[in-house]
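J.: What follows is the residue order along each chain.
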Amino acid sequence: MATSSSCNEGWRASALIFSGRSNPEWAISDAIAADLVSLWSALPATRAREMAPGLGYHGCALLDARRRWQAFDGVAVMWSGASSETRSDRARAFERAILATAPAGTIPATVCF
Amino acid sequence: MSLRITFDVFSGRPNPSVTLTDAESADFLKRIGAVKTAASAAQESHTEPSTLGYRGLIVEQAGASAGGLPQRFRVSSSAVDGPAGALKSVAASVEQSILGNASILTRAGVSAELAAVMRTHAAAPKTATTAAPPATSGPLVCTCAPLYEPNWWNDGASGGAKQFTNNCYNYACNYRTDTFAQPGKASGQVWNHLVCADVGAAALRDALTATKVTTIKCPTEGHLVALCMWDTFDYHWYRMGREGLWSHKPGGMPVTNLDNSGQIIRDPRTANRGDYTTFCTFMIVRHGHIKLL
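Here the protein sequences line up with chains A and B, keeping their order. For the first sequence, position 29 matches number 29 in this note's numbering, and the numbering has no gaps at all. Here this note's numbering runs 1000 ahead of the position in the second sequence, where the first position is 1.
Certain hints may be false.
Partner residues aside, some chain A positions facing chain B, computed with beta carbon under 8 Å [claimed, not checked]:
no., residue
1, ARG21
2, SER22
3, ASN23
4, PRO24
5, TRP26
6, SER29
7, GLY56
8, TRP79
9, GLY81
The hints are simulated quantities; they were obtained by calculation from the structure and are not laboratory data. Even glycine gets a Cβ: it sits at the ideal position worked out from N, Cα and C.
Model the full structure from these sequences, guided by the hints.
T.: Structure representation (structure tokens):
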């Protein structure tokens, strides 16, 4: 999955790595975003659980103006306003698919996923 | 008449809830019984629970309210509380009738493990929320330091923006900007290199105060913060709270008082800090003096 050059500025992805400085963020095209959303939609629903905060890599996010998907540790959550849906991402397919859209050099090579 | 029951147990994520059937609703209301007058109830003391963990059942009535009960009330620890105060005492079995009902728990999406935890908490004797600090507290009480109030910051699961737009620097300084504040930015020169000297100097330009600390103690004014570094990649800040313990906010993640090993942080120098292995320095945040952006 490659990053498109014809990006809708409404879709963004981010690797959640840093604590102080801004996390790496990049734009994503409508088509790629649709693929990612489809991938998430096909994941099985699971019980919500908190993603334990910690220093270091703690997942990645896909965002548009209204919604936020966040994937980490085998769970992929979509928030829309105050509601949320949790899907099981045990194989980390959704998480890896988001990270795969990062332009080269966006994520420090030393970061372990 | 149907009742909606919310299990008030989580801090960050939404609480599980379920709508009872008419028969279940009638049975639950019968167990509670009628309330005599709202006026007399309002004279009794009332405190909303502010503890972490299971805090009771929030009950909402759809349509006309029954039994003199308000539209929304709480059942917890053998007590029924309305918006204006305590309404009446009830048997502990009232709360347990919900917490022990497998059908209701399943429909609410409550796991067997969580149900067991809630039943245990409901059965345990309650202590006042204004009681002495918990056993995990340190010996210090820094009256000028901020309270540990993670719920205020951790609004990501409920659709809020504070959690995602404030970072470790915001939290450590107890200064919400909703901008992922950067040391030095408010003073016109943000950090250049991710090393202790550079980020520390940027924080000083934001009017944080340098201090030499060997033994952690409360500053005379303001509160202590600590700067650490994942050299060349990122920085991280901790803050010391009123109870003498440390907490932090890893980026856009929720506020926590635990380190990367899940341990309470008594000293950020010795906490498990993951890749942020370089401890830089302590500083003091004097409230009202600093400016972040």
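J.: Hint by hint, say whether it matches the structure.
T.: Against the structure, the hints:
no., hint, result
1, ARG21, "holds, 5 Å"
2, SER22, "holds, 6 Å"
3, ASN23, "holds, 7 Å"
4, PRO24, "violated, 11 Å"
5, TRP26, "violated, 16 Å"
6, SER29, "violated, 23 Å"
7, GLY56, "holds, 4 Å"
8, TRP79, "holds, 6 Å"
9, GLY81, "holds, 4 Å"
Checked against the numbered hints listed earlier, the structure breaks hints 4, 5, 6; every other hint is satisfied.
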